[in-house]
Amino acid sequence: KAGVTQTPRYLIKTRGQQVTLSCSPISGHRSVSWYQQTPGQGLQFLFEYFSETQRNKGNFPGRFSGRQFSNSRSEMNVSTLELGDSALYLCASSPSQGILTEAFFGQGTRLTVV
Amino acid sequence: TQLLEQSPQFLSIQEGENLTVYCNSSSVFSSLQWYRQEPGEGPVLLVTVVTGGEVKKLKRLTFQFGDARKDSSLHITAAQPGDTGLYLCAGNVIGANSKLTFGKGITLSVRP
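Protein sequences, first through last, are from chains A and B.
First residue of the first sequence? That's 62 in our numbering, and the numbers climb one at a time after it.
First residue of the second sequence? That's 6 in our numbering, and the numbers climb one at a time after it.
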């Protein structure tokens, strides 16, 4: 069974630009979550989607948005990029939304904003 | 305030040594997971503990969930260089939504 696939792996953008990251979950998984990881803050929850609906949202500004498609694939978008948005963005899929939401992570997209 | 506190933050030991690291909270969790992350990769799930007092073993790794389901420990016996990585604990707070909350992690370095 293929794992979680994130594209692209690496990205360099300029301040003010926008970026779209993609995540394909494990086949059959309907829940997709996004996290931002930085050395100082660790893994910070961005949002979770289940069956195309945003179920949970973290404490990030409105510049961060996402969506999920009917095939469970998900995208996240960051507009008006700032230097502080440089981070590893991780996508995780789970079999279902429930108590045992074990997360299966992709390799991440390393975003550098210059 | 971090919901899950992991300690120590950094640990550097010699191959063959034993170690124990901790994940603590004032909240009660319905389940708790441990992940290991290597540089440039995403975290990989090691174990999930659900029942208070539960102990699970994965080769040389022993995971324990506290009786009150507020804390967990990870013990590694005879550490090897391949154990090097970032160890993250994560859990679901009882009564909250299904969002997984992560600790900041423990950076373990095992020297040959």
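Be careful, since some hints might not be right.
[Stated by the list, open to error] One-sided and incomplete, this derived list gives chain B residues near chain A with beta-carbon spacing under 7 Å:
id, residue
1, Pro48
2, Ala83
3, Lys109
4, Thr112
5, Arg116
Simulated from the structure, these hints should not be mistaken for laboratory data.
Even glycine gets a Cβ: it sits at the ideal position worked out from N, Cα and C.
Going through the hints against the structure:
1. Pro48: 5 Å, holds
2. Ala83: Constraint on B:Ala83 not satisfied, violated at 27 Å.
3. Lys109: 4 Å, holds
4. Thr112: Violated, because the Cβ-Cβ distance from B:Thr112 to chain A comes to roughly 10 Å (cut-off 7 Å).
5. Arg116: 22 Å, violated
In summary, the numbered hints that this structure violates are 2, 4, 5.
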